[in-house]
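Q: Line by line, the protein sequences give chains C, Z and F. If you use this note's numbering, the first sequence corresponds to residues 1 to 340, in order. If you use this note's numbering, the second sequence corresponds to residues 1 to 340, in order. If you use this note's numbering, the third sequence corresponds to residues 1 to 340, in order.
Worth flagging that the hints you see were computed from the coordinates, not collected in a lab. It should be emphasised that the depicted structure is a prediction, and the values quoted were computed from it without experimental measurement. Mixed in with the good hints there might be a few duds.
Listed below are several chain Z residues computed to face chain C (Cβ distance under 7 Å; list not exhaustive) [claimed, not checked]: (1) Pro27; (2) Glu116; (3) Gly171; (4) Ala207; (5) Asp228; (6) Asn229; (7) Asn242; (8) Ser247; (9) Gln248; (10) Gln266; (11) Ser322; (12) Arg324; (13) Ala327; (14) Leu328.
We treat Cβ as the ideally placed atom computed from N, Cα and C, and that holds for glycine.
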Amino acid sequence: MKLQELAKALDCELRGDGGTVITSAAPIESADSGQISFVANAQYLKYLETTSASALILAEDQQFDRLPSLRSKNPYLLFAKVIGLLYPDETPIWGAAKSASVSSNSDIHSDVSIGEFCVVEDGASIGAGTVIDAHCFIGKNTHIGQNCRLYPNVVIREECTLGDEVILQSGVVIGGDGFGYARSESGYTRIKQIGTVTLGNRVEIGANCAVDRGALGPTVIADGVKIDNLVQVAHNVQIGENSIIVSQVGISGSTKIGKWVTLAGQAGIIGHLDIGDRAVVTAQSGVTKDIPADTVVFGSPAREIRSAHKIAAATNRLPDLSKRVKALEEELKSSKPDKQ
Amino acid sequence: MKLQELAKALDCELRGDGGTVITSAAPIESADSGQISFVANAQYLKYLETTSASALILAEDQQFDRLPSLRSKNPYLLFAKVIGLLYPDETPIWGAAKSASVSSNSDIHSDVSIGEFCVVEDGASIGAGTVIDAHCFIGKNTHIGQNCRLYPNVVIREECTLGDEVILQSGVVIGGDGFGYARSESGYTRIKQIGTVTLGNRVEIGANCAVDRGALGPTVIADGVKIDNLVQVAHNVQIGENSIIVSQVGISGSTKIGKWVTLAGQAGIIGHLDIGDRAVVTAQSGVTKDIPADTVVFGSPAREIRSAHKIAAATNRLPDLSKRVKALEEELKSSKPDKQ
Amino acid sequence: MKLQELAKALDCELRGDGGTVITSAAPIESADSGQISFVANAQYLKYLETTSASALILAEDQQFDRLPSLRSKNPYLLFAKVIGLLYPDETPIWGAAKSASVSSNSDIHSDVSIGEFCVVEDGASIGAGTVIDAHCFIGKNTHIGQNCRLYPNVVIREECTLGDEVILQSGVVIGGDGFGYARSESGYTRIKQIGTVTLGNRVEIGANCAVDRGALGPTVIADGVKIDNLVQVAHNVQIGENSIIVSQVGISGSTKIGKWVTLAGQAGIIGHLDIGDRAVVTAQSGVTKDIPADTVVFGSPAREIRSAHKIAAATNRLPDLSKRVKALEEELKSSKPDKQ
Numbered sequence: 001m002k003l004q005e006l007a008k009a010l011d012c013e014l015r016g017d018g019g020t021v022i023t024s025a026a027p028i029e030s031a032d033s034g035q036i037s038f039v040a041n042a043q044y045l046k047y048l049e050t051t052s053a054s055a056l057i058l059a060e061d062q063q064f065d066r067l068p069s070l071r072s073k074n075p076y077l078l079f080a081k082v083i084g085l086l087y088p089d090e091t092p093i094w095g096a097a098k099s100a101s102v103s104s105n106s107d108i109h110s111d112v113s114i115g116e117f118c119v120v121e122d123g124a125s126i127g128a129g130t131v132i133d134a135h136c137f138i139g140k141n142t143h144i145g146q147n148c149r150l151y152p153n154v155v156i157r158e159e160c161t162l163g164d165e166v167i168l169q170s171g172v173v174i175g176g177d178g179f180g181y182a183r184s185e186s187g188y189t190r191i192k193q194i195g196t197v198t199l200g201n202r203v204e205i206g207a208n209c210a211v212d213r214g215a216l217g218p219t220v221i222a223d224g225v226k227i228d229n230l231v232q233v234a235h236n237v238q239i240g241e242n243s244i245i246v247s248q249v250g251i252s253g254s255t256k257i258g259k260w261v262t263l264a265g266q267a268g269i270i271g272h273l274d275i276g277d278r279a280v281v282t283a284q285s286g287v288t289k290d291i292p293a294d295t296v297v298f299g300s301p302a303r304e305i306r307s308a309h310k311i312a313a314a315t316n317r318l319p320d321l322s323k324r325v326k327a328l329e330e331e332l333k334s335s336k337p338d339k340q
Numbered sequence: 001m002k003l004q005e006l007a008k009a010l011d012c013e014l015r016g017d018g019g020t021v022i023t024s025a026a027p028i029e030s031a032d033s034g035q036i037s038f039v040a041n042a043q044y045l046k047y048l049e050t051t052s053a054s055a056l057i058l059a060e061d062q063q064f065d066r067l068p069s070l071r072s073k074n075p076y077l078l079f080a081k082v083i084g085l086l087y088p089d090e091t092p093i094w095g096a097a098k099s100a101s102v103s104s105n106s107d108i109h110s111d112v113s114i115g116e117f118c119v120v121e122d123g124a125s126i127g128a129g130t131v132i133d134a135h136c137f138i139g140k141n142t143h144i145g146q147n148c149r150l151y152p153n154v155v156i157r158e159e160c161t162l163g164d165e166v167i168l169q170s171g172v173v174i175g176g177d178g179f180g181y182a183r184s185e186s187g188y189t190r191i192k193q194i195g196t197v198t199l200g201n202r203v204e205i206g207a208n209c210a211v212d213r214g215a216l217g218p219t220v221i222a223d224g225v226k227i228d229n230l231v232q233v234a235h236n237v238q239i240g241e242n243s244i245i246v247s248q249v250g251i252s253g254s255t256k257i258g259k260w261v262t263l264a265g266q267a268g269i270i271g272h273l274d275i276g277d278r279a280v281v282t283a284q285s286g287v288t289k290d291i292p293a294d295t296v297v298f299g300s301p302a303r304e305i306r307s308a309h310k311i312a313a314a315t316n317r318l319p320d321l322s323k324r325v326k327a328l329e330e331e332l333k334s335s336k337p338d339k340q
Numbered sequence: 001m002k003l004q005e006l007a008k009a010l011d012c013e014l015r016g017d018g019g020t021v022i023t024s025a026a027p028i029e030s031a032d033s034g035q036i037s038f039v040a041n042a043q044y045l046k047y048l049e050t051t052s053a054s055a056l057i058l059a060e061d062q063q064f065d066r067l068p069s070l071r072s073k074n075p076y077l078l079f080a081k082v083i084g085l086l087y088p089d090e091t092p093i094w095g096a097a098k099s100a101s102v103s104s105n106s107d108i109h110s111d112v113s114i115g116e117f118c119v120v121e122d123g124a125s126i127g128a129g130t131v132i133d134a135h136c137f138i139g140k141n142t143h144i145g146q147n148c149r150l151y152p153n154v155v156i157r158e159e160c161t162l163g164d165e166v167i168l169q170s171g172v173v174i175g176g177d178g179f180g181y182a183r184s185e186s187g188y189t190r191i192k193q194i195g196t197v198t199l200g201n202r203v204e205i206g207a208n209c210a211v212d213r214g215a216l217g218p219t220v221i222a223d224g225v226k227i228d229n230l231v232q233v234a235h236n237v238q239i240g241e242n243s244i245i246v247s248q249v250g251i252s253g254s255t256k257i258g259k260w261v262t263l264a265g266q267a268g269i270i271g272h273l274d275i276g277d278r279a280v281v282t283a284q285s286g287v288t289k290d291i292p293a294d295t296v297v298f299g300s301p302a303r304e305i306r307s308a309h310k311i312a313a314a315t316n317r318l319p320d321l322s323k324r325v326k327a328l329e330e331e332l333k334s335s336k337p338d339k340q
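Work out the full structure: start from the sequences and follow the hints.
A: Following this line, the structure appears as structure tokens:
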């Protein structure tokens, strides 16, 4: 594509030669002729003068005119759109693979693609434009919206509901039984998990995640939530719109996560908590209490970040503090020989 | 069902109108007419006076007579049983799906259900009443007991043994190769893992867990153990009866976990340790030493909980302690001008 | 096999009766007649005098002559080789299972085994000697080398490349989409992940791991890297030769891990870091900064281990330090009544 075609299609500002031909995209440090790159992070500005890219995507106020560029207030978002144009999805082949086992009591739109060896059970429905890759399992009465993508080997158990434009990576398990047991002297007795899972529109879930069905009532993941790989979402968790859950996070039962929250990698949240809107839980933190909106927490157990940082800084100096206390003790001892 | 039918079937105390009709169950805060709910946690007693449930399951000594109730010393266990009656399992269709690949050299009871695209290899056996959902793999010479349930997409490799009433959620891998290598100057050489996995009766394992086969000899999970999602059980681990392993826990090779132990979420245990009966490892703790029976530990590295809490409390006050030491230093300095 | 046959096949020193017949291997504490065992760890030397094994594998300088033995500078490596001889792999049946869906536009060597219900898409290639178990998915244009083993239920998405002798355990997902989004006021927009995954020779990856494809350019795991179960490798990570990644580790995007590095269980590394050759990250550590070569780190956040240990030791004594400071304050107060 020519740069001017990209600019026109994306309605963004073009600076320099719009006739520049762009064939692919690459990171700024390795981009070559015919490639477009971007800078969305000040760390990479150092490559501006040396990159061999043919064009760049830059912030509107970035001073630079050595190469032609596309400009945006949000260059990373513009880059996402450019990538979408340069690398269009393949047109799916609608219909079910001959090997797939699709119930005659299901409701599958004609513009749906179902891959080899998939299983779609009674009462399931799948909306137009959805692509389901090989080896997926769609349980009884599960409803999948439009334009979703299930990569190979996804399991969605019975009675679950997915919105539109949901993307599930390989190995995802939606609607497994929650971990609920009644303890007695003879052992633990399973509480049958009779709830469901509801995923909103544009929910995306990474490889090998587990989202359990509710014990009673649903586990709910709201519109626009993005979840990385190997994340655990326990029964009856609720996650608000546009929250981000990074890899290997664990969220225990019945906890409510607000909107626009970020849970960084390997963080853990105990059950029955409320995490306020726009809260940020830093990596590996362990949350044991409710978190108010707009609060950043750190540590295990997690504390508000300023006090956590003060404590961390003091902990770093602790060996020195110990020495200073010892010195004080000795000084005090030596200064009072008469008292001994 | 009528409340008196539930009470009779479960042999429990009924208070109030036994003719009350119960159609389903719900959490106490959202239960409505026709629904039964329960209180097993003091946190929820506040809903007693306002719930719209038609009946409740309560502790024997709970004062309450506004609504009819079922009573038990263990109301949560009674609730588990009520749920079992209100929501019976579907009757399985015995036999193997036409698409399944079942070896003619396997020993499958006639009352076994095998789902679409399952693979059952030579020498495998499966006991009466077991239901195996779609896309499961049962390797050579693996033995599965009676009344087990394997949800879609479970892998059990060769030579493993499962007891009765075992439940495996989707994505579980039983009998993968343990992580054992001999290091030399040229790299790491795999130690072929020739052991097996043995799961006792009523073992339940959550979605996407991995239980590795032993290097030599078996990995053993005893009767009644319940394991949540995304847990790692390394080669030659032994887990004693009725222990509970919460989501994302990792147990390293050859460690022995006692009976009635609780390992809370994201805890990690290094290899070759002994964890005593009824020990509790709190969430995210990192266990580096043996734990005696009946001991609660906390932290990374994990310490006995009282000393861990003392240290945690002192750590919280550390910035203040630093200031107090600085004040002492200054006071001592100023009090001895003659010495300087 | 006779002990002298093992010694000859492996070209190692034999002491004692070479005619001893060995039928299997076992741990030294439970080995019995006809079995061979080994000691590679001083912890197990205590069993030397009591073991019922028929022969042992020992270090060259270990004083012991009660039983016949094989000797090596690296007895654990020798044990790995003995196990390989005593427990040879079954000869695979070359060819694809009738139920497998193998594209006619793929390039599969005649000596390849493809299991039941596998899917191999257009443009894929698979080298001689590779065994692919049931339920595996090989995406478009993915290339798999020689003598690889994919256990049941592995997913390798499109455009990935595997070297020779790669072993992937069940549930592994190679080439899932990386977690990349551009944030704007309306939510997060997916950055299409157009990169790939490259696995070198002898790479081994444990059950239910996720290795994401690059955003732009590849995610690269070099020759000889061994990865345990449930590990997360994010987009554009690079892992150098012969590094070891233990269970449940998470490596964030674009981080470079050097050669011969060890990342112990549940450790986490944030994105865009450089971890030097032969560095060791201890279990559960959280790495937030580059690590120089040959450095051991510990803690969350991770610090160089000597300073981390000093801080940990001082933290252990913190409740005592608090008391000592209080005593100093009181002493100072009481020693200066005139000032008050």
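Q: It remains to establish, for every hint, whether it holds in the given structure.
A: Going down the list of hints, with the structure as the test:
1. Pro27: Hint holds; Pro27 (chain Z) Cβ to chain C Cβ min 5 Å, cut 7 Å.
2. Glu116: For Glu116 (chain Z), the interface hint holds, since the closest Cβ of chain C sits about 5 Å away, which is under 7 Å.
3. Gly171: holds, 5 Å
4. Ala207: Constraint on Ala207 (chain Z) satisfied, holds at 4 Å.
5. Asp228: holds, 4 Å
6. Asn229: holds, 4 Å
7. Asn242: holds, 5 Å
8. Ser247: Holds - the Cβ of Ser247 (chain Z) comes within 7 Å of chain C, reaching about 4 Å at its closest.
9. Gln248: holds, 5 Å
10. Gln266: Hint holds; Gln266 (chain Z) Cβ to chain C Cβ min 5 Å, cut 7 Å.
11. Ser322: holds, 5 Å
12. Arg324: Check failed: Cβ of Arg324 (chain Z) comes no nearer than 10 Å to chain C, outside 7 Å.
13. Ala327: violated, 11 Å
14. Leu328: holds, 6 Å
Checked against the numbered hints given earlier, this structure breaks hints 12 and 13; the rest are met.
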